[in-house]
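Sequence lines, in order, name chains X and R. Just so you know, numbering that gives the first Met the number 0 puts 349 at position 350 of the first sequence, and the rest follows in order with no gaps. Just so you know, numbering that gives the first Met the number 0 puts 369 at position 370 of the second sequence, and the rest follows in order with no gaps.
You can take every hint at face value.
In this list, chains with the same sequence are indistinguishable; a pair is considered to hold if it fits within one copy or across any two.
Calculated lysine to aspartate or glutamate pairs in the EDC-like style (CA-CA distance at most 16 Å, straight line):
hint	residue 1	residue 2
1	Lys326	Glu242
2	Lys326	Asp195
3	Lys187	Asp363
4	Lys278	Glu237
Treat the hints as calculated values from the structure; they're not laboratory data. Computed from a predicted model, the values in this text were never measured in an experiment.
Number of protein chains: 2
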Amino acid sequence: MWLLFLNWGEWGKIELMSALTVPAARRTLINAPILDATLGKTPTRTPVWFMRQAGRSLPEYKKVREGISMLDSCFMPELLAEITLQPVRRHDVDAAILFSDIVVPLRAAGVGVEIVAGRGPVLEAPVRSREDVANLPILEGGIPEVEQGIGIILEELSDSQALIGFAGAPFTLASYLVEGGPSKNHEKTKAMMHGDPETWHALMARLVPTIVNSLKSQIDAGIDAMQLFDSWAGFLTERDYTEFVLPYSTAILNEIAQYQLPRIHFGVGTGEILGAMSKAGSEVMGVDWRVPLDKAAQRIAAVSGPKVLQGNLDPALLFAGRAPLTKEIERIKAEAQTAIDAGHATGHIFNLGHGVLPNTVAEDITEAVAIIHS
Amino acid sequence: MWLLFLNWGEWGKIELMSALTVPAARRTLINAPILDATLGKTPTRTPVWFMRQAGRSLPEYKKVREGISMLDSCFMPELLAEITLQPVRRHDVDAAILFSDIVVPLRAAGVGVEIVAGRGPVLEAPVRSREDVANLPILEGGIPEVEQGIGIILEELSDSQALIGFAGAPFTLASYLVEGGPSKNHEKTKAMMHGDPETWHALMARLVPTIVNSLKSQIDAGIDAMQLFDSWAGFLTERDYTEFVLPYSTAILNEIAQYQLPRIHFGVGTGEILGAMSKAGSEVMGVDWRVPLDKAAQRIAAVSGPKVLQGNLDPALLFAGRAPLTKEIERIKAEAQTAIDAGHATGHIFNLGHGVLPNTVAEDITEAVAIIHS
Chain X
0 MWLLFLNWGE WGKIELMSAL TVPAARRTLI NAPILDATLG KTPTRTPVWF MRQAGRSLPE
60 YKKVREGISM LDSCFMPELL AEITLQPVRR HDVDAAILFS DIVVPLRAAG VGVEIVAGRG
120 PVLEAPVRSR EDVANLPILE GGIPEVEQGI GIILEELSDS QALIGFAGAP FTLASYLVEG
180 GPSKNHEKTK AMMHGDPETW HALMARLVPT IVNSLKSQID AGIDAMQLFD SWAGFLTERD
240 YTEFVLPYST AILNEIAQYQ LPRIHFGVGT GEILGAMSKA GSEVMGVDWR VPLDKAAQRI
300 AAVSGPKVLQ GNLDPALLFA GRAPLTKEIE RIKAEAQTAI DAGHATGHIF NLGHGVLPNT
360 VAEDITEAVA IIHS
Chain R
0 MWLLFLNWGE WGKIELMSAL TVPAARRTLI NAPILDATLG KTPTRTPVWF MRQAGRSLPE
60 YKKVREGISM LDSCFMPELL AEITLQPVRR HDVDAAILFS DIVVPLRAAG VGVEIVAGRG
120 PVLEAPVRSR EDVANLPILE GGIPEVEQGI GIILEELSDS QALIGFAGAP FTLASYLVEG
180 GPSKNHEKTK AMMHGDPETW HALMARLVPT IVNSLKSQID AGIDAMQLFD SWAGFLTERD
240 YTEFVLPYST AILNEIAQYQ LPRIHFGVGT GEILGAMSKA GSEVMGVDWR VPLDKAAQRI
300 AAVSGPKVLQ GNLDPALLFA GRAPLTKEIE RIKAEAQTAI DAGHATGHIF NLGHGVLPNT
360 VAEDITEAVA IIHS
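From just these sequences and the hints, can you work out the full model?
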């Protein structure tokens, strides 16, 4: 592993050694549209998955979650596998997204955190001082329950359906830790960044190994791709993002590079920082619905060269009916093609520009997937 | 008035007739920094006011509001005047912003709406069908309580302190009406736009006279400038904004043009639509903190020529301490100057890039104003 890391950037050697670094559990996917899109090949059909496809939009999800708390369900292998697979069975999407939560690695490390229904993750004690940071537990090994769940999922997926693992990016995790819970304005987080930058940088650095180990654990268990979710990054200026966040997201994606699986990076409302985020090193950049994909591709390519695009249907369009939905899907596919034709992107994975909204009707999601595939 | 409207665009005639259109009540401001900035003159000091400067950040506000509901307080002339004046007395800002709420004109027209603490405006019945739209009351005259309040405010303001009136833009009002209350994702609103555009356009058209009459009422009572708040516009793509919103915001600002008072236009998270919003016709464009002012000015000037900029300190910086606050204020002033020097902007009114956050310490606001003025 170390040897490979030293050789990173020397493409020939990496190609040669890649067989060594693929974990024993990693499957070989065949004609998997999502993998083909990330590799610059022409996929058999437009690949599509939806963020939050597993969850509250599905009646079968509500049924199996009954009486079980959100965080508990993320540590129950059979249940998390079932929930991950439900939308794949129902919608014919090209990938499963691991059912989990960005605070799962924190909980696994021993941080006191609960997900409160209707509110989100709430911390037992916020992290505000250097001492708090020094006492923040680090996830040393993997998360066995998640690994077992991944094993169950992979048994059911076909060899053209990818399993995407994920982790929350350090800024988003840090915001929950500093605020003590979800925040509309992230003022305590930003106050720490600007008013106490040493503590801020210490906190971000301390989160890196927990996130890396969570991802390594998923990779060892066999995920085919991964997404780094920086849910709140869009609340930052490009200047703040670059100074206070980018180095740590870069460190994480760098550590994962050795496993040679597609890395996706996404945040909401990130139009102003797409270029900066693209520097972190992912192969795929998720794009919020606010920015047309051809424009997004220009911003990304100008900074990091062409990448694969992911997105970007406004999730609210799933409430608008078939005709407007079809029109929007066609527009997005055309914008992606424009970006590819212009050399600003190398591929396109269809997705929403944000997660599936809780009240979305399951049948409307299935219909959208069919339109995207047609 | 009608004659003037017919002559709109013929600048000479408008200049000639402008004396006729200034309401009897309008004051003549002397060396008012905000007015000078909007007229392209060099103000005596950097003009500054803060969105939501009147409100929960002030202990004296909490005291006078005790036991009185938000919406009731907007219809009590003495009280709304007192609340409007509190931050002017305390912070030495260059403008008072009328204490009101964007749903006040709806309530005055007879719409069943309450502001629920911790939640926001909640409608008695949402507006979803053509029939609902046809039954939506229109504000025909003015709002006497607000006019009386403005009279009281003007007695206390000096002739260099401007009073800024305001109205919610039709998209933001429509979102509350369609959703039935505050919404994180505006899915019912967007579903109507795309799925039932006729009803959508009918609703937007029906809101225009209510908003115009509310503003005319404030102008007749003597406000010195006005801001059109499109709080939620940043949730739209440029395409949707241009098709479904811009015509109506333009109609409102056009109607107000005859009064020749500075028109400010602002929304949060509007980086992608600054150019489109600038077409609506305001002299001043408010800018969210996410976009540096020099970049914002380029986007605006490319579409509508140079305008006055307003903004754009991140309100979270008021929690960071004096040194980082000073640094950020200097950066913003420098970026505004860069825009002016490059010919992309004609002036700068300092403000936040969003409203004052509820937990902000009043003394920290006063300090920020002093730094901005120094």
